[in-house]
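Sequences and hints are given; from them, build the entire structure.
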Amino acid sequence: MSEMLLKEMEEVSLGQPKEEEEEECTRSFLLIDENESLQVDDEGHFLRKLGCSTSEGVKVLTIFGNTGDGKSHTLNHVLFEGEEMFATSPSPASCTIGVWAAYEPRLGLIVLDTEGLLGASTHQNQRMRLLLKVLAVSDVALYRTRAERLHNDMFHFLGSASAAYLKYFTPQLRALSSRCGLNVPLSNLGPAVVVFQETSRTQLLGHDTTVPADIVLQKRFHDLGLGTEAFSSVQYVGTQTITPPTDFSQLREIIIKQVKSTASRAPRQPDIVFSALQALSDRFCGKSRMKESACTPSFLTSISPVRPSASAATFVARTA
Numbered sequence: 001m002s003e004m005l006l007k008e009m010e011e012v013s014l015g016q017p018k019e020e021e022e023e024e025c026t027r028s029f030l031l032i033d034e035n036e037s038l039q040v041d042d043e044g045h046f047l048r049k050l051g052c053s054t055s056e057g058v059k060v061l062t063i064f065g066n067t068g069d070g071k072s073h074t075l076n077h078v079l080f081e082g083e084e085m086f087a088t089s090p091s092p093a094s095c096t097i098g099v100w101a102a103y104e105p106r107l108g109l110i111v112l113d114t115e116g117l118l119g120a121s122t123h124q125n126q127r128m129r130l131l132l133k134v135l136a137v138s139d140v141a142l143y144r145t146r147a148e149r150l151h152n153d154m155f156h157f158l159g160s161a162s163a164a165y166l167k168y169f170t171p172q173l174r175a176l177s178s179r180c181g182l183n184v185p186l187s188n189l190g191p192a193v194v195v196f197q198e199t200s201r202t203q204l205l206g207h208d209t210t211v212p213a214d215i216v217l218q219k220r221f222h223d224l225g226l227g228t229e230a231f232s233s234v235q236y237v238g239t240q241t242i243t244p245p246t247d248f249s250q251l252r253e254i255i256i257k258q259v260k261s262t263a264s265r266a267p268r269q270p271d272i273v274f275s276a277l278q279a280l281s282d283r284f285c286g287k288s289r290m291k292e293s294a295c296t297p298s299f300l301t302s303i304s305p306v307r308p309s310a311s312a313a314t315f316v317a318r319t320a
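Residue 153 in UniProt numbering sits at position 153 of the sequence shown; the count goes up by one each step and never skips.
Derived by calculation from the structure, the hints in this document are not laboratory data.
Fair warning: there could be bad hints in the mix.
The list that follows gives simulated cross-link-like pairs (lysine to aspartate or glutamate, EDC-like), each with its CA atoms no further than 16 Å apart [said to hold, decoys possible]:
#	residue 1	residue 2
1	K167	E229
2	K219	E229
3	K260	E56
4	K260	E104
5	K257	E104
Now the structure itself:
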């Protein structure tokens with residue numbers, strides 16, 4: 001009897017890791033915690049958690065926005081057919097802390113869900129630095145807002161992100177362009193930005209003019225003295241929801257088009273994405289020295305001026 005029991009226990013023990021491994025890729029997982037620490041051990045662990053192979057070409061989409069604006073809900077409906085891949089909650093507190101990741105195999109897309117801006121965090125600068133690091137490895141940056149009118153905080157966040165991207169990555173990107181003989185503007189190497197606004201009472205951007213909404217959006221950046229040179233493109237997608245549910249069809253169409261486009265970035269192996277995150281985590285870490293708001297230009301001086309590590313140089317070369 002005891003031998004049979006031991007045998008059954010051994011079979012259960014041997015079978016358990018497989019079940020856990022299968023479970024790992026059915027939901028999102030914590031990739032980077034609120035302290036900017038990677039939560040995967042190495043490239044192999046990263047691939048297992050995503051549920052993809054090292055030979056697959058992938059792109060990265062990251063969503064940004066204020067706490068409570070439905071970032072996780074948007075990802076679930078736009079990319080995962082409504083399945084709750086990313087946790088959602090009716091609570092006024094932020095449901096997402098840190099950066100969570102999931103994989104959409106049909107598009108070959110690593111999807112990153114981020115902690116909301118303007119949340120209750122006491123480490124605003126640390127959170128801003130974390131968001132900048134994931135934006136730096138993104139091919140598509142989606143900014144989601146439910147504001148009836150586009151507020152200045154969104155423009156300041158994206159403008160500061162663009163300035164930081166150029167300040168800390170321009171030398172490497174220029175060297176990369178030179179090595180590869182790429183006769184393209186520097187901005188073509190940056191992520192594409194999609195601003196998704198959902199209103200209930202207010203007309204959408206550009207409704208009262210013949211000027212395209214994308215141009216109106218760019219004018220707002222210009223009027224605030226902010227640039228978007230780091231981004232390969234900045235697009236506006238709006239929807240008015242008088243009676244739920246939200247219509248995500250136009251956003252889904254734009255996202256798929258951006259993911260399939262190779263105008264700015266070609267798909268790369270997922271281990272390169274991990275190497276990029278690891279290199280950025282090694283270089284840009286530590287307590288921020290800035291005393292002002294995280295969305296002010298002075299944030300750009302708060303990142304520790306550590307020299308590029310070998311892993312960072314390797315990452316830049318491998319993304320060619």
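Structure-based check of each hint:
{"no.": "1", "hint": "K167 - E229", "verdict": "11 Å, holds"}
{"no.": "2", "hint": "K219 - E229", "verdict": "13 Å, holds"}
{"no.": "3", "hint": "K260 - E56", "verdict": "14 Å, holds"}
{"no.": "4", "hint": "K260 - E104", "verdict": "13 Å, holds"}
{"no.": "5", "hint": "K257 - E104", "verdict": "15 Å, holds"}
In this structure, every one of the numbered hints holds.
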